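Enquirer: Residue numbers (the numbering used here), protein chains in the order written: chain A, 374 to 863; chain B, 374 to 863.
Some hints here could point you the wrong way.
Just so you know, same-sequence chains aren't split out, so a pair can sit in one copy or run between any two.
Under the rule of at most 20 Å between Cα atoms (straight-line distance), these lysine to any residue pairs were calculated in the SDA-like manner [unchecked claim]:
(1) K635 with T432
(2) K430 with S707
(3) K420 with W522
(4) K420 with E489
(5) K688 with T552
(6) K420 with K430
(7) K583 with E565
(8) K420 with Q521
(9) K430 with E419
(10) K395 with G457
(11) K635 with Q521
(12) K460 with R693
(13) K689 with N743
(14) K829 with Y385
(15) K623 with G634
(16) K632 with Q387
(17) K635 with G737
(18) K825 with E781
(19) K756 with T828
(20) K471 with R450
(21) K395 with K506
(22) K632 with T715
(23) K823 with G719
(24) K427 with P672
(25) K477 with R450
(26) K845 with T585
(27) K506 with Y401
Treat the hints as calculated values from the structure; they're not laboratory data. Note that the structure is predicted; figures quoted are calculated from it, not measured.
2 protein chains.
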Amino acid sequence: MAKELTSRVNDYSQWYNDLVIKGGLADYSSVRGCMVIKPYGYAIWEKMRDALDKMFKDTGHVNAYFPLFIPKSFLSREAAHVEGFAKECAVVTHYRLKTSPDGKGVVVDPEARLEEELIVRPTSETIIWNSYKNWIQSYRDLPILINQWANVVRWEMRTRLFLRTAEFLWQEGHTAHATAQEAIEETERMLEVYAAFAEQYMALPVIRGKKTPNERFAGALETYCIEAMMQDGQALQAGTSHFLGQNFAKAFDVQFLNKEGKLEYVWATSWGVSTRLIGALIMAHSDDDGLILPPKLAPLQVVVVPITRGEDDMKKICERVEPLIRELKAKGISVSLDDDDTKRPGFKFAEYELRGVPVRLAMGMRDYENNTIEIARRDTKEKSVQPLDGAASYIENLLSEIQRNIFERAKQFRDSHIREANSWEEFQQLIEQPGFIRAHWDGTPETEEKIKELTKATIRCIPLNNPTEQGKCVFSGNPSRERVIFARAY
Amino acid sequence: MAKELTSRVNDYSQWYNDLVIKGGLADYSSVRGCMVIKPYGYAIWEKMRDALDKMFKDTGHVNAYFPLFIPKSFLSREAAHVEGFAKECAVVTHYRLKTSPDGKGVVVDPEARLEEELIVRPTSETIIWNSYKNWIQSYRDLPILINQWANVVRWEMRTRLFLRTAEFLWQEGHTAHATAQEAIEETERMLEVYAAFAEQYMALPVIRGKKTPNERFAGALETYCIEAMMQDGQALQAGTSHFLGQNFAKAFDVQFLNKEGKLEYVWATSWGVSTRLIGALIMAHSDDDGLILPPKLAPLQVVVVPITRGEDDMKKICERVEPLIRELKAKGISVSLDDDDTKRPGFKFAEYELRGVPVRLAMGMRDYENNTIEIARRDTKEKSVQPLDGAASYIENLLSEIQRNIFERAKQFRDSHIREANSWEEFQQLIEQPGFIRAHWDGTPETEEKIKELTKATIRCIPLNNPTEQGKCVFSGNPSRERVIFARAY
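For reference, chain A alone in the conformation it holds in the complex:
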C-alpha cells in the first residue's frame, strides 16, 4: 500500500495530516496558510452546507451576500471587535499593478493607493450592520433573519488543514431583533440547530454550553458553543452562536421605532460554523486505515467491487448487480460500480477504506452462482454474505445502523473520558490524560488565565442545564456553585 497512514498511537497529529492529504480531502497551496479543498473534501462540505442550509431555511432564515471588503474605519467602531480581529487581518492597500521597471514582471502601482485601506472580512458584523442601518426604520422591518455563505480570512500564524487556515469557508448568520428576549431566543435556537446537525449528521455528540467572558466572541455579550471531543481527548469547538446585545446597533447607529413610537437600538445575534467541521468529522471517527464517514455526509455511500478473473466474469457480474444498483438509487442512496479492470480488488478495497465509503459490496463468481453478495461495513469492518434478493433493504437499514453506531461509539468514548477533578493535584494529573475535566472554578478570569498558563487547559464551556453543586474552585479554593468543562483544545 502506497497510501499507508501514520497510526494514531504513533503520532495523532501526523495521522490527521496524512489522512487529509492521502484521502484526497485537501492540499497545501502556495499561499501561506491557505489550503486547496480538493473535490472529495469539497463534496463533504457540500453535503454539510445543504443540510445546514435546509435547517436554516426551516427556521425562517434567508441567504444574502455582503461585500468581501470592509473599510478599515468600520472595524474600529466596536471597541472589543477591533481588538479581537485587528491583529490578524489581510489589508488591501492598492488597486492596480504595473509593469516593473525592468519589464520582467509586475509591481504595485504606487499611484493606485486606496484612500482608505480595505480589510478582507474576518467576519461580517460591521459591514452587515452598516447595511442594516438603511434597512431598519420601524419594528415592522424586524426581525431580519439573514445568513451568508462566504469565505473569510484571519491571518493565523500557525495553521493546520481544515482546523485553522488563513482563509476558510463558513456561514455566518446575522439577525436583528426588536427585543433582547427575542435575540436571546434566536441565539439559543441556532445553537440547538448546530447541536442537532452535529449529532444527527456528523454523528458527533456535543456539549452545549456558554463560554466564559474571556473566551467570548469579540463584541458579544454572551457566546454559546458546542464542544466535541476528538479521539485524542482534546476538545474542538464545533460552532458558536452569539448574543451581541445592542453593541453593533450602537456602533452603527441602527435604531428603530418600536410599537410605542419610541426610538430604540436594535438587538443582534450572529452565529457560524466553518470548514473546520470537516476536521472535526475526520478526527472524531476515523481510524488507522482511513476515513470513517457517517453515511449522511459521505459523498459516496455504497461502492460495488466485482471480483473477477476476466472480461466475461466482469460482464456477468455487472449485469447481475445492476438491478440492485438501480434499487439503491431509487431509495436515494448514492452508489457506484467500480468496473475498472486495471486495478486489483485488494487495492480497491484499501482505497475505499481510506476514503471512508460506509458500505462496500463485493461479488465474485461463487456469489454469482449462489445469487449472494458480500456486504462490508466500514465502521466495524464486519462482513457478511447476504442473498441478493432483499439486499437493497438490508443495505438501507445498514446505513442507518452505521450512522447510529458511529454516534454511539463517539458518545461512549467521550463519556468515558470526562472525569472529575476535586483538587489541584488531581487536576494536574488528569489533564495529562486524554479527555475533559469537570471541575469547580471560582468564576474569575484570573484563575482561568492562571490554569491555562500552567496546564494549557481552557474552560471549554459552562454546560447549559448544568446541575448546581456547592464546591470549591480547584485552583483557588474559593467557593463555586457549579462545575465547568476544562480541556486542551484545537
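Given chain A, put chain B in place with the hints provided.
Expert: This is chain B only, laid out in the frame that chain A set:
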C-alpha cells in the same frame, strides 16, 4: 404606489437601477463598486447555481475550492494574462493592523508587510494550474474536470449593480486534458451547457459564437461566447468558454507522460458565468411594473391573495385554498399564501408584480361561493376565473406556458432587431437604432478597432455554423467570407 419605477422609454438605464433597488434584488454598499445581494436577488442566484451545478455534474465535473489570494509573481507567468488583469486588481500588502498613535482607531502596521504581495483573484487560472502541476504526472491523471463557485474581484472603474461590480460571484471551470482535441470538445460542450441554461432556464435566446482575437480572454487561444439581446437592443455577453491551449501548462510547467511514454504539456480550458446573469435576466424580460421572472428561476412561483372584508372571510378563504396550496406543493411548485390583513389587496398585487411572481391567485367571497379562483399571469397580465377543482393542473400548465412565452417573446424581439448593413452609411444609420447588425468584416483588428472608435459598436461574435457568403467589409471594402455580429454592449 410608493415604488413606482422610471419607465423604460423615459430612461432605460434608470429603469434598470430602480428595478434592482425597489425590487429588493441588491443594494449599494459602502465599499466602492461592491454591492450587497439582498435575499430576493440571492434567491434567484441560488436557483441559477443549483440548475447550473446539476448540469456541470451531469457532464462529469466536480467542485473544489482554491485560495482567494494569488501571489503576485504567479500573474506574471502568462504574458497575455497579466496584461489583461494587472490593471484592475485588489492588492493585499499587509497582514495586521495596530492601534493608531492617537489611540482613536487602527492603522496598518508597517512591520506587517508581506514579502510578496497577494492579489485578490480576478480569475483563478494561475493559482489552479500551480496546483495541477502537483496533481498531474501521467495521462492516467487526466482529464481533470473541476469547477469552483467563488467570489472574484476586478477593480472596475465604472460599476453597475449586477452588470459590472468590483466583486462578483461566479463559477469558473478549469479543466486539464491530454489532447487539444479533447480540450476543444470540452470548451464547446460547456458553451452548449451555458446556451441550454440561458434558453431553458432564463428563457433567454442566445447566439453561440466565437470572439475575435481582440476580444478573447487574456491567455486564451479561442474564446467562445453566448450573446443575448436586452430590451434596449444592446448586447450582453452571458457566458464564455475558453480554449487555453498549452499556455498555462507552459507557464506553470505542467507536463504529463503520454501513453507513448513521452512528456507533453497539458491542454486546458476554462469557462465561467457570474451574477451578471441576474442583470441579463432583469433587462431581457421585465416591464415598467417590475420584474418578469421565468418560472424556473422565480424564488416564488405562485402567490395566493385572499380578498376579504374581515377576519371571518379571511379564515373561510384560507381554509378553502389550503387543499390547492397543498396540491401545488406536492407538484414541486413554490407557493405562498399572503394572509397579512394590514395590507390591502391592491397594494399586494403591485408588490407581487414588482417582484415578478409568475402567477397570482386571488379569491374573494364571490369566488368562494362559486368555488372558483382568479388566476393572473405576470407575463401578459391576463386574468381568468377558473374552477377551483382542477386549478392545480391548470396552474402547472400555465407555468410551463409562461416559461415558453417569455422565451418566445424575447426571441421574437431579438430576431426582429437583427439587421444587415451592406454599406458603411447603412451601418452608421442602423447602429443608432436598437439591435444587432450583421455585416461583413475584413478580419483585421485595425478595422474592428476603427469601427469601435467611430460607433462604439464591437464585434460580439462570429456565430457558430455561420453561413459562408462572399462580400465586402462594411468599413474597408476588403473581401470577406462571412458576416459577423456587431452591437453596442453592456
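Enquirer: Indicate, hint by hint, whether the structure satisfies it.
Expert: Here is what the structure says about each hint:
{"no.": "1", "hint": "K635 with T432", "result": "neither (29 Å within a copy, 58 Å between copies)"}
{"no.": "2", "hint": "K430 with S707", "result": "between (25 Å within a copy, 14 Å between copies)"}
{"no.": "3", "hint": "K420 with W522", "result": "both (14 Å within a copy, 15 Å between copies)"}
{"no.": "4", "hint": "K420 with E489", "result": "neither (39 Å within a copy, 36 Å between copies)"}
{"no.": "5", "hint": "K688 with T552", "result": "neither (67 Å within a copy, 30 Å between copies)"}
{"no.": "6", "hint": "K420 with K430", "result": "both (16 Å within a copy, 15 Å between copies)"}
{"no.": "7", "hint": "K583 with E565", "result": "within (13 Å within a copy, 53 Å between copies)"}
{"no.": "8", "hint": "K420 with Q521", "result": "both (17 Å within a copy, 16 Å between copies)"}
{"no.": "9", "hint": "K430 with E419", "result": "both (16 Å within a copy, 13 Å between copies)"}
{"no.": "10", "hint": "K395 with G457", "result": "neither (35 Å within a copy, 37 Å between copies)"}
{"no.": "11", "hint": "K635 with Q521", "result": "neither (31 Å within a copy, 48 Å between copies)"}
{"no.": "12", "hint": "K460 with R693", "result": "neither (62 Å within a copy, 60 Å between copies)"}
{"no.": "13", "hint": "K689 with N743", "result": "within (13 Å within a copy, 63 Å between copies)"}
{"no.": "14", "hint": "K829 with Y385", "result": "within (18 Å within a copy, 64 Å between copies)"}
{"no.": "15", "hint": "K623 with G634", "result": "within (19 Å within a copy, 68 Å between copies)"}
{"no.": "16", "hint": "K632 with Q387", "result": "neither (59 Å within a copy, 36 Å between copies)"}
{"no.": "17", "hint": "K635 with G737", "result": "neither (77 Å within a copy, 38 Å between copies)"}
{"no.": "18", "hint": "K825 with E781", "result": "neither (31 Å within a copy, 69 Å between copies)"}
{"no.": "19", "hint": "K756 with T828", "result": "neither (44 Å within a copy, 74 Å between copies)"}
{"no.": "20", "hint": "K471 with R450", "result": "between (34 Å within a copy, 14 Å between copies)"}
{"no.": "21", "hint": "K395 with K506", "result": "between (48 Å within a copy, 17 Å between copies)"}
{"no.": "22", "hint": "K632 with T715", "result": "between (72 Å within a copy, 15 Å between copies)"}
{"no.": "23", "hint": "K823 with G719", "result": "neither (53 Å within a copy, 66 Å between copies)"}
{"no.": "24", "hint": "K427 with P672", "result": "both (18 Å within a copy, 15 Å between copies)"}
{"no.": "25", "hint": "K477 with R450", "result": "between (43 Å within a copy, 10 Å between copies)"}
{"no.": "26", "hint": "K845 with T585", "result": "within (18 Å within a copy, 79 Å between copies)"}
{"no.": "27", "hint": "K506 with Y401", "result": "between (40 Å within a copy, 13 Å between copies)"}
When the structure is compared with the earlier hints, violations turn up for hints 1, 4, 5, 10, 11, 12, 16, 17, 18, 19 and 23 and for no others.
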